[in-house]
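Trainee: Read off the chains here:
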Amino acid sequence: MSIQNLNTRDPFADAIKGNDDDIQDGLVHIRIQQRNGRKTLTTVQGLSAEYDLKKIVRSCKKEFACNGTVIEHPEYGEVLQLQGDQRENICQWLTKVGLAKPDQLKVHGF
Amino acid sequence: MDAEDGFDPTLLKKKKKKKTTFDLDAALGLDDGKKEEPKDDEADDTATAEVEDNLDLESFGKKKKKKKKPFNLDELENALPGEGDDIANIVATEEPEEEEINLDMDFSMAKKKKKSKKKDLDELFADKLEDERNEDKENFEGNTTTWAGSDRDYTYDELLKRVFEIILDKNPDMAAGRKPKFVMRPPQVLRVGTKKTSFANFMDIAKTLHRLPKHLLDFLLAELGTSGSMDGNQQLIIKGRFQPKQIENVLRRYIKEYVTCHTCRSPETILQKDTRLFFLQCESCGSRCSVASIKSGFQAVTGKRAAIRAKTT
Ligand SMILES: [Zn+2]
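Taken in sequence, the protein lines are chains A and B. Numbering of the first sequence is given in the numbering used here, commencing with residue 1 and proceeding in unit increments. Numbering of the second sequence is given in the numbering used here, commencing with residue 111 and proceeding in unit increments.
Do not rely on the hints blindly, as some may be mistaken.
What the hints assert, rightly or not - Here are the computed lysine to any residue pairs in the SDA-like style, where the Cα-Cα straight-line distance is at most 20 angstroms: (1) A/Lys-106 <-> B/Gln-409; (2) B/Lys-306 <-> B/Lys-349; (3) A/Lys-106 <-> B/Asp-328; (4) A/Lys-39 <-> B/Tyr-364; (5) A/Lys-39 <-> B/Gly-338; (6) A/Lys-106 <-> B/Tyr-364; (7) B/Lys-405 <-> A/Asn-67; (8) A/Lys-106 <-> B/His-320; (9) B/Lys-349 <-> A/Arg-38; (10) B/Lys-324 <-> B/Thr-370; (11) B/Lys-366 <-> A/Phe-110; (12) B/Lys-355 <-> A/Ile-32; (13) A/Lys-39 <-> B/Thr-370; (14) B/Lys-405 <-> A/Val-107; (15) B/Lys-305 <-> A/Arg-38; (16) A/Lys-106 <-> B/Gly-338; (17) B/Lys-305 <-> A/Asp-85; (18) B/Lys-317 <-> B/Asp-341.
None of these hints come from the bench; they were simulated from the model.
Could you put together the complete structure from these sequences and hints?
Mentor: Right, here's the structure in full:
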């Protein structure tokens, strides 16, 4: 039988193991991507899995008058994807509805 | 100098006696000069040598110093072989010639001097002029230490004032709250064809920011959510259409996160990788903090789905 207290434990073991801290860092990353021509795409990554993203996307589509979908990603979990540059809209909306605090939002892109 | 020469013989004697006792006094530090004074009056029965020593300590006025100067030079030469410390002391006491004001400062200086002077006695003479010039400066600083000539404790405000004066003195740049400003040429961004953008002076900018081009490239591409690479003429070709303004925005964010110090905003920083994390080490204020790692995160599938499907299968 081993005494657990005497085991040496590497406090950084978890950190080195994986770089999946995007989900844990509590930040909501809002990014923009260019498509062909002038078209763009907005992605929202890092919303808590407790929320029903399908419902969120439904109301977003209505609110911003754009199409959108929820994408299941093996690493980043469920990601919201909206057509067009909705960065401003989604930031305002998320804070208004109380899904995220302003300092939790991280907007990327140009 | 002429008058002083007359004193030389007596002084020589004094100094020689001094060497034994004086060292201790000097080594004891600032307060000695002051504490000695009362003792001196009372302790008449002590040896004359001691009295003379004390006199030296107290009467640091013009007279004494004038005497010391010519004398010390001789003395130094005499003593050169053996007693490095003594010489240093003597020089130290002798140096504050010009300023009679604060002996205590002089002594603290004497300590400093000792260290440097022990090294090379020959240098002593060569450096002498310089030292004296420095001395003037240091004495000027010393004047601000109002507690210098007294037994009382320094107050917090005095110390604060003193440290700020020293900081300002050593860093003239900081005067008038001048912020070190970043001067950077704007990015040269040109459209290449219809779907690509060229960032011509990318390498220059990476160089002015003192960052690895690779690091800046990773950030740019992650932020813009696109791909790109360097071409033959050291320019960056980015997929997608971007305005100079947009690239500038991204660069500004890069500078804020990875170039300027998060504490003092100084751009004199070093970015170093430690295990998995990047740390920003400030050259100005010494602060060190971890910075966000560059992650492109989720990338939506764009472009022709058919082509992608064809590639994967
Ligand atoms: Zn700093």
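Trainee: Each hint needs a verdict: does it hold in this structure or not?
Mentor: So, going through the hints one by one against the coordinates:
no. : hint                    : result
1   : A/Lys-106 <-> B/Gln-409 : 16 angstroms, holds
2   : B/Lys-306 <-> B/Lys-349 : 5 angstroms, holds
3   : A/Lys-106 <-> B/Asp-328 : 18 angstroms, holds
4   : A/Lys-39 <-> B/Tyr-364  : 25 angstroms, violated
5   : A/Lys-39 <-> B/Gly-338  : 19 angstroms, holds
6   : A/Lys-106 <-> B/Tyr-364 : 14 angstroms, holds
7   : B/Lys-405 <-> A/Asn-67  : 26 angstroms, violated
8   : A/Lys-106 <-> B/His-320 : 26 angstroms, violated
9   : B/Lys-349 <-> A/Arg-38  : 13 angstroms, holds
10  : B/Lys-324 <-> B/Thr-370 : 18 angstroms, holds
11  : B/Lys-366 <-> A/Phe-110 : 15 angstroms, holds
12  : B/Lys-355 <-> A/Ile-32  : 16 angstroms, holds
13  : A/Lys-39 <-> B/Thr-370  : 34 angstroms, violated
14  : B/Lys-405 <-> A/Val-107 : 13 angstroms, holds
15  : B/Lys-305 <-> A/Arg-38  : 10 angstroms, holds
16  : A/Lys-106 <-> B/Gly-338 : 23 angstroms, violated
17  : B/Lys-305 <-> A/Asp-85  : 18 angstroms, holds
18  : B/Lys-317 <-> B/Asp-341 : 17 angstroms, holds
When held up to the earlier numbered hints, the structure conflicts with 4, 7, 8, 13 and 16 and fits the remainder.
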